[in-house]
Amino acid sequence: MMQMPIESIRDVRAHLAEVVERADRDDTPTVITRRGKEVAAVVSIEVLRKYQEWEEREINRIIDERMANPAVGVPIEDVMRETLARGE
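Position 59 of the sequence shown, counted from 1, bears residue number 61 in this note's numbering, the numbering being contiguous throughout.
There may be inaccurate statements among the hints.
[Unchecked claim] Just the calculated beta-carbon pair ranges, DEER-fashion: (1) 79 x 28: 37 to 47 Å; (2) 16 x 76: 37 to 47 Å; (3) 55 x 13: 47 to 57 Å; (4) 18 x 48: 17 to 27 Å; (5) 48 x 11: 15 to 25 Å; (6) 17 x 71: 47 to 57 Å; (7) 5 x 78: 18 to 28 Å; (8) 6 x 64: 20 to 30 Å; (9) 64 x 10: 16 to 26 Å; (10) 52 x 19: 33 to 43 Å; (11) 43 x 88: 13 to 23 Å; (12) 15 x 50: 44 to 54 Å; (13) 87 x 63: 42 to 52 Å; (14) 78 x 8: 35 to 45 Å.
What the hints contain is simulated information worked out from the structure, not anything from laboratory work. Ideal Cβ positions, reconstructed from N, Cα and C, are used throughout, including at glycine.
Can you build the whole structure from these sequences, using the hints too?
Next up, the structure:
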């Protein structure tokens with residue numbers, strides 16, 4: 003796995019276009035720090051969409067498992083409530 007660049011907000015501000023170009027061109031995310039703490043990342047829209055698709059498939063897989071065997075784990079109502087809360 004390729005090492006992701008890590009930059010402070012101040013550094014990213016100074017060359018945002020370059021950070022965005024790198025994400026778009028190479029699918030290389032840049033982790034952004036504030037006072038040394040990782041707080042955000044710049045990723046290509048393609049990477050974001052792939053993640054969103056994966057997350058949706060994973061949620062649907064969990065829902066399907068719970069519907070097939072409702073006696074196991076967390077009630078489906080709790081899963082749905084938590085899932086909907088994440089979207090807010």
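Let me make sure I understand: some of the numbered hints might not hold for this structure. Which ones are they, in numerical order? 3, 7, 9, 10, 12 and 13
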